[in-house]
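Chains as they are written, first to last, in numbering that gives the first Met the number 0: chain A, 0 to 503; chain B, 0 to 503.
Simulated from the structure, these hints should not be mistaken for laboratory data.
Computed from a predicted structure; not experimentally measured.
Any given hint could be a false lead.
Identical copies look the same in the list; a pair holds intra-copy or inter-copy alike.
[Stated by the list, open to error] In silico DSBU-like links for lysine-lysine, alpha-carbon gap of 35 angstroms or less:
{"#": "1", "residue 1": "80", "residue 2": "90"}
{"#": "2", "residue 1": "491", "residue 2": "460"}
{"#": "3", "residue 1": "253", "residue 2": "356"}
{"#": "4", "residue 1": "110", "residue 2": "263"}
{"#": "5", "residue 1": "399", "residue 2": "325"}
{"#": "6", "residue 1": "325", "residue 2": "253"}
{"#": "7", "residue 1": "322", "residue 2": "84"}
{"#": "8", "residue 1": "325", "residue 2": "483"}
{"#": "9", "residue 1": "357", "residue 2": "414"}
{"#": "10", "residue 1": "237", "residue 2": "460"}
{"#": "11", "residue 1": "407", "residue 2": "377"}
{"#": "12", "residue 1": "421", "residue 2": "483"}
{"#": "13", "residue 1": "90", "residue 2": "466"}
{"#": "14", "residue 1": "237", "residue 2": "356"}
{"#": "15", "residue 1": "263", "residue 2": "483"}
{"#": "16", "residue 1": "357", "residue 2": "491"}
{"#": "17", "residue 1": "414", "residue 2": "377"}
{"#": "18", "residue 1": "357", "residue 2": "483"}
{"#": "19", "residue 1": "377", "residue 2": "64"}
{"#": "20", "residue 1": "253", "residue 2": "483"}
{"#": "21", "residue 1": "399", "residue 2": "64"}
{"#": "22", "residue 1": "357", "residue 2": "265"}
{"#": "23", "residue 1": "345", "residue 2": "94"}
{"#": "24", "residue 1": "253", "residue 2": "28"}
{"#": "25", "residue 1": "322", "residue 2": "263"}
{"#": "26", "residue 1": "265", "residue 2": "356"}
{"#": "27", "residue 1": "483", "residue 2": "399"}
{"#": "28", "residue 1": "345", "residue 2": "263"}
{"#": "29", "residue 1": "485", "residue 2": "253"}
{"#": "30", "residue 1": "28", "residue 2": "64"}
One-letter residues, chain by chain:
Number of protein chains: 2
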Amino acid sequence: MNKINKNVSTAISPKRAENFPEWYQTLVKEADLAEMAHVRGCMVIKPWGYGIWEQIQNHLGQMIKSVGYENAYFPLFVPLKYIQKEADHVKGFAKEMAVVTHHRLEQQEGKLVPAGELNEPLVIRPASETIIGESFADWIRSYRDLPVRINQWCNIVRWEMRPRIFLRTAEFLWQEGHSAHATSEEACEEVMRMLEVYREFVENWLAIPVIQGTKPPYDRFPGGLETYAIEAMMQDGKALQAGTTHYLGQNFAKAANISFTDAKGKQQFVYTTSWGLSTRLIGAMIMTHGDDNGMRVPPKVAPYQVAVIPIQHGNEQDVISFKYAKTLCDQLNSLYFGERQPIAIKFDDRLLRFVDKKWQWIKRGIPIQVELGPRDVKGEMVTLRFRTDDPQEKHVMPRKQFIQTASKMLEDIQKKYYEEAKANLENRIYNVSSFSELEEHLTSQDSRLGFVRAPWFPNEKEDERLKSLGITLRCIPIVQRGIKGKCILTGKTTSTEAIFAKAY
Amino acid sequence: MNKINKNVSTAISPKRAENFPEWYQTLVKEADLAEMAHVRGCMVIKPWGYGIWEQIQNHLGQMIKSVGYENAYFPLFVPLKYIQKEADHVKGFAKEMAVVTHHRLEQQEGKLVPAGELNEPLVIRPASETIIGESFADWIRSYRDLPVRINQWCNIVRWEMRPRIFLRTAEFLWQEGHSAHATSEEACEEVMRMLEVYREFVENWLAIPVIQGTKPPYDRFPGGLETYAIEAMMQDGKALQAGTTHYLGQNFAKAANISFTDAKGKQQFVYTTSWGLSTRLIGAMIMTHGDDNGMRVPPKVAPYQVAVIPIQHGNEQDVISFKYAKTLCDQLNSLYFGERQPIAIKFDDRLLRFVDKKWQWIKRGIPIQVELGPRDVKGEMVTLRFRTDDPQEKHVMPRKQFIQTASKMLEDIQKKYYEEAKANLENRIYNVSSFSELEEHLTSQDSRLGFVRAPWFPNEKEDERLKSLGITLRCIPIVQRGIKGKCILTGKTTSTEAIFAKAY
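So that you can see chain A by itself, here it is in the shape it has in the complex (with noise of 0.2 angstroms):
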């Protein structure tokens, strides 16, 4: 494989074990996923990278409608006065809001500058906790209207300092529910279920294995009492968070005056939730599944599972191939994988080489590849090349074979990708019981990064030789192993653990 890489330009330079940072940024250069915007911090999603956010739309979309939400829409803008009302809220994300100050641009000798200034800015949402809550507090009147469960696709904006490429850009798309619930355990349930909802998407759909758990305290969203995370390991051994719940408690409510009757006639604020899932996932597939040779998109999510190419040799057998690869498409479009999911196809007849049309689909990570000539005309056959294989590696089976084995096929490369990445989080959760072993560990740079699993006394306040360090408690696990032990921060005795970890 090394050889292959270092003959081929088409692969990815530098590999993973030379610069992993590098090998991301040239990865979803090389995939066609994505590219940063001539615009400060903002990003260009392509055709390839925004498929599988569709995918993750649809997908994750169904799944959020099954458990009672409705999609509506909320505006981008949010006035300073109802960001103000809730003041940890506006203090998490004073350093990072757009504000939009001015509705028209004028021609001031000979230049174009901002008129009509706005009485009171506007902030580009940077969460809709504070925009959703006003309309909450206008729907809900009875406990008859609760629970109320919403749910928006939208874009958001937070002016990040440092912009990596799907993991922090300052617009980015997401999905944001929020809920009212009339009692506190109703809605602390909801964030339970939801942060079950988001660990089944991103295992079974994405093929990444994550740990749920509590952030700790001065981790949470900014104005809500718990914040729990799905936190997920890079092939690097750092930590990324691919998902966050909130239990807000009456904070907004209170905030916005979201309050209800009750069935006593009692008037009572509503306890909300909230919680999203953003583009920064996509980030998570690469670093997960990617190799050096490109992306590897889990079957789940790929916008397409197969990708037919008939061999052009510029003379009549062209017309054959193709047809014959015409309908062999059709064929595999009636077909199922998984729970029901139709595969996809590409008929990819461009007019380019054969070997960059296969080069292009190894590195955006297509699943399968079927390329058909002459050979496979005459014998009926396909002949096949597998995400999962060596790029020069290719099968050769009859065509109905194939058209029985697809589905199966794409669920065993499924299957493969998640049983690969939950090998990597699994071989490298490191259990510790002291701070320098814990340090040992998460300042290496090698296969000794990853997660440190140690005894936590629960404390209010970040570590001081933990932050200096880069290190981070990640999640404080819903699983625990009920192991006593001393705290590696305070020595204090507890049972509690926390995943520690170096993150993105």
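With chain A fixed as given, assemble chain B onto it according to the hints.
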């Protein structure tokens, strides 16, 4: 029907004939479609309204993909220097652009104020020609890269001074298609192809008949060379522009330097097109199909086609009705209508009074309601309420017959809405041969208001008399009758006719 409306508080008041604009506003609210946000000029699209938008995204989205477009996502922000490059473009939008000037907030004397002033202000996209042009310039090198076809679903901001829900709002949602071609001919063809896609979608899915035509020069997209539109007629006889496609020539290509090497090795600028269709269409649907009892959603874009409501009497019979209703839902769920579109069922078992549910669904405009009580269970029957009927009318039929004919019924409702709208359009196109005749029709408040078709000699400037009367030239229809006459504005002999109307 009048009597019914007077007796129930749930229908729309005022009626269309009494006050059309107020009827519209009331309907939007009563049908749970949307509401104006507390943020100036912006709207909250509620689940039922957003559900319709999702249907539009889904079906139009498939049509756009089927003619070769790929979805992508470009930044919300446009640097001033980009928008400045096309002089007409900036002139057209300068008066209505939201401008971001700062990237954080600071506490100053207990007050939050914008801080971190940007070196160069950013405009929120009023359209994406300039920002997408920058990407096209990066992506396109050779004639082999052409054509490029990209579509984006996103939010847009144009600072409307007189916002009207769905029709003109500061923020709205839309789809914008952008293409780049090697030749002018190809680009012109593309513009007409997309105009035809729009016609097909708006007529066949939204059941709104339209006239396809060219816009007069002064009404073109800022920076474009030719604008085409589909014009629809509302029930009050006013016109509504339902979608536009633009031939941009090389204007934006020259501004952003989108050039390619042609087959002979010569450097050329590309020819671009763009076209968009927005949430405004929901306003068009309301004013085309709505009646005095609320919205009527064409089945093909209804979030649900059928609501199934078990009647609850508060006795043990309820369980049986509930089960019977649930079974019916399962049976309906596997059905298709139209061109293989699955029927979507809402099982409405909310703890609300039946009469409230019934009126809610009438006002929302669900095509068919099914109510199921003990009598239905006993006789294996269903009780149906069609949105095309009087609200008090019910139809009882065997359950089996309903399952067999449900698809056909939905198709019939879709057809009925289209035919009603088509009759309204055709009956209110008036052929006139003088300005005074035009004036008589278009300044009337009664059924004479509609579209006026009249001889027109091509003219670069807007007619001042029309302008002062609030009348606009809607379009020069693509399909001309070829009748010779004298231009009603200039008296010049012409065989071109144009459509004039009051408009939204």
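Taking the hints in turn, this is what the structure says about them:
1. 80 with 90: both (14 angstroms within a copy, 33 angstroms between copies)
2. 491 with 460: within (15 angstroms within a copy, 83 angstroms between copies)
3. 253 with 356: Between copies only: 31 angstroms across, 58 angstroms inside.
4. 110 with 263: neither (64 angstroms within a copy, 40 angstroms between copies)
5. 399 with 325: within (15 angstroms within a copy, 41 angstroms between copies)
6. 325 with 253: neither (61 angstroms within a copy, 40 angstroms between copies)
7. 322 with 84: neither (65 angstroms within a copy, 47 angstroms between copies)
8. 325 with 483: Answer is neither: 64 angstroms inside a copy and 51 angstroms across each miss the 35 angstroms cutoff.
9. 357 with 414: This pair counts as within: shortest intra-copy Cα distance 24 angstroms, inter-copy 48 angstroms.
10. 237 with 460: For residue 237 and residue 460, only the intra-copy Cα distance (22 angstroms) is at most 35 angstroms; the inter-copy one is 64 angstroms.
11. 407 with 377: So residue 407 and residue 377 pass the 35 angstroms test inside one copy only (26 angstroms; across, 46 angstroms).
12. 421 with 483: within (27 angstroms within a copy, 77 angstroms between copies)
13. 90 with 466: For residue 90 and residue 466, only the intra-copy Cα distance (20 angstroms) is at most 35 angstroms; the inter-copy one is 51 angstroms.
14. 237 with 356: within (33 angstroms within a copy, 52 angstroms between copies)
15. 263 with 483: So residue 263 and residue 483 fail the 35 angstroms test inside a copy (46 angstroms) and across (77 angstroms) alike.
16. 357 with 491: Neither: 58 angstroms inside a chain and 63 angstroms across chains, both beyond 35 angstroms.
17. 414 with 377: within (34 angstroms within a copy, 50 angstroms between copies)
18. 357 with 483: neither (55 angstroms within a copy, 60 angstroms between copies)
19. 377 with 64: Answer is between; shortest inter-copy Cα gap is 34 angstroms, intra-copy 49 angstroms.
20. 253 with 483: For residue 253 and residue 483, neither the intra-copy (40 angstroms) nor the inter-copy (70 angstroms) Cα distance is at most 35 angstroms.
21. 399 with 64: Answer is between: at 30 angstroms across copies they meet the 35 angstroms cutoff, but 38 angstroms inside does not.
22. 357 with 265: between (68 angstroms within a copy, 30 angstroms between copies)
23. 345 with 94: Neither. Shortest intra-copy (44 angstroms) and inter-copy (44 angstroms) distances fail the 35 angstroms Cα cut-off.
24. 253 with 28: between (46 angstroms within a copy, 26 angstroms between copies)
25. 322 with 263: Cα proximity of residue 322 and residue 263: across copies only (32 angstroms, versus 72 angstroms in one copy).
26. 265 with 356: Between. Shortest inter-copy distance 26 angstroms satisfies the 35 angstroms Cα cut-off; intra-copy 67 angstroms does not.
27. 483 with 399: Neither: 59 angstroms inside a copy, 65 angstroms across copies.
28. 345 with 263: between (60 angstroms within a copy, 31 angstroms between copies)
29. 485 with 253: neither (40 angstroms within a copy, 68 angstroms between copies)
30. 28 with 64: both (34 angstroms within a copy, 23 angstroms between copies)
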